[in-house]
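Using the hints provided, position chain Y relative to the given structure of chain S.
Residue numbers (this note's numbering), protein chains in the order written: chain S, 1 to 252; chain Y, 1 to 420.
Since the hints were derived computationally from the structure, they do not count as laboratory data. Take the hints with a grain of salt, since some may be wrong.
Claimed, not checked - Reference listing, derived: stretches of chain Y covered by chain S, where coverage requires no fewer than 3 residues with Cβ under 8 Å from a Cβ of chain S:
no., stretch
1, 21-27
2, 121-132
3, 351-365
Unchecked claim - Restricting the straight-line Cα-Cα distance to at most 25 Å, the calculated cross-link-like pairs of lysine-lysine (DSS-like) are:
no., chain 1, residue 1, chain 2, residue 2
4, Y, 20, Y, 49
5, Y, 189, S, 5
6, Y, 281, Y, 49
7, Y, 224, S, 154
8, Y, 189, Y, 227
9, Y, 4, Y, 400
10, S, 193, Y, 361
11, Y, 281, Y, 227
12, Y, 124, Y, 285
13, Y, 361, Y, 144
14, Y, 16, S, 207
15, S, 207, Y, 20
16, Y, 7, Y, 415
17, S, 154, S, 132
18, Y, 189, Y, 224
19, Y, 91, Y, 49
20, S, 67, S, 154
21, S, 154, Y, 4
22, S, 132, S, 116
23, Y, 212, Y, 232
24, Y, 144, S, 154
Ideal placement from N, C-alpha and C gives every residue a C-beta, glycine not left out.
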Amino acid sequence: MVDQKTLAYINLYAVLGTLENLCELDPAASALLTNKKPIAIGFDVQGGPSATLTFKNGRCRLEQGIKSCDIKLPFSSCEKFNGLIDGTVTPIPTKGFTKIKFLLKDFTALTDLLNKYMRPDPADLYDDEFFKISTSLMFYTITVAISQIANNDKVGIFTANLIANGDIEMSIEGGPSATLRANGGRLVTLKCKPDNPRAVMSFASMKLARDLFDGNVNALECIGSGAISMKGLISMIDNLNRLLDRVAVYLA
Amino acid sequence: MSFKINKYDKNREYFKRAEKVIPSGVYGHLGPAEGCFIPVSAFPNFAEKAQGAYFWDVDGNRFIDYMCAYGPNVLGYADKDVNNAAFEQAKIADCTTAPSTKMIELAELLVDTVASADWAFFAKNGGDTTTLAIMTARAHTRRKKLIFVNGYYHGVAPWTQKLGYPGVLEEDVANNLYVDWNDIEALEKLMDENEGEIAAFIATPYMHGNFKDNELPAVGYWQKVRKLCDDKGIVLIVDDVRCGFRLDIAGSDHHYGFEADLICFCKALANGWSVSALCGKEELKGTVSGITYTGSYWLSAVPFAAAVACINKMKKLNLPEKLRKDGLMLTDGLRAAAANNGFNLIVSGEPALFYLRVDDKDGNLMLHQEWVAECVKRGIYFTNHHNHFMNAAMTEEDIKFTVEVAEEAFKVLRKNHPEL
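Isolated chain S, as found in the complex (with noise of 0.2 Å):
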């Protein structure tokens, strides 16, 4: 069942944090922001997740809170921020009436494009450079809502409470790294490699990650072959993939 304000934290943390990737990745994304004026888009949303998206020099960041924003887009509920995300629900801001066109066009373009990524076109996906921008996307994406599932999900607490502390390395040979650091039965996802893993799990290609995001493949099957690489406390990687299959409970 989707819990919809597990859902409204995976829609800012892991769905538009990831404009964070899409930014330094596609050199599009970037063009759309450069030779503008910085600006910061604060999401407040009630009884769910607050954070900060801000846009300067063709980067984009995103930081938990609000602590001053240009733009300010509150929802009265998780499920109205999760109806901003698919589409049926227009916000309403608060602050930031003046800078309302980069709403409506540069952060819409942003996101458009990141839509493109995550729900791409399969014959887009035959461009080399298209699908390993997308794979490496969805991977953030799905990296960090791995962290929003074990700190809200009901099923995703009590999993990750069987978590031993420390950092799991998630990686793609070629591609993207994630750090799953794992403290009191809480996950917090960082875009990058950990310096002292206690336990790793490597996909062998940006191939093999992709198929196993789209569900092609299961990762126990690709551990025999090899595909999967694993080693440290095995328990951890154990149950981060019983997080990992809840993600497309909310992603799918």
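Same frame as chain S, now just chain Y:
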């Protein structure tokens, strides 16, 4: 000396074939995922033959096998006494409409052998008996809740699994409560908080969970658990599937000085022939009689004959003493081999089922996994996540050879990690 490094070309060919028609190629604890083959390249996939303390893989590599098929091999693979008893029974009858009287013979032998047993019920796997034990406890007490020890393993039925596992419903585990091993205060508190609702406390004789050092019961722990269960009307279930007969022929509850209400046996019961048994106290016999629980092959006579021969031989050999002595000899040697190369090998659990861990400052098992892989590549089958098993066919020469290989593996580790 330098030991041969195994090659696994045929293993891999077979694995590729298997992957096409079998989920995961080899699923479960014998497979590369759950079996923690780290790295996969160090481990064989398929056995060709087995004898005594060894198995040979399909590439002809011999392994001194310290996993013993994860426990069933207790007297040595293909033990003549057990196999002859099975083969002789096979000539007479096996799976028949009316069961063989071998069933009575085995039940009588178990009742005479296991200190807490007044009766025996037979099935095939350990999980069959833990499930029956839980059903019995619930039927007898008319209560729903179960207490587990964190880090437990009692099989693969949905009630034994955890929330979030594929195919397991929230409802399957809704009545499961958890407590830490050896924490008698927490156990008492949990029982008080759920007064009149707890059907059973289920635990292994000591904590032999995976990925962590094994823990023996604290002095007086089991006696306190027994008393709490008596006071609260809770059925005390001992899952002796893994340890059973290796610590004490009369049952591991007997070994630790208490009596279980229900005790589950499998692995060592018939030296690899497929039979398991739930044994219990007289007052639960009627309850078990009323439970609908059976299987197509559960009353087959051949495994019963094997079990009778196996139990008699284990008694004759005074098996627990031999396994303890050999286990201590081996683990002392392994510890010394580690120390000779500047490593600290931590040995925990009972010597007959020793658990190993190469100590590392990061606590991530990676150093241990490297060492285990070097041993396996040289023909010593250890695992990096699970307790090991001794068997009666193991000789002093096997143990000496193992220690020599382990020493070479530690030298490789030292060479690979000059920084440590």
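Let me make sure I understand: some of the numbered hints might not hold for this structure. Which ones are they, in numerical order? 2, 5, 6, 7, 13, 17, 20, 21 and 23
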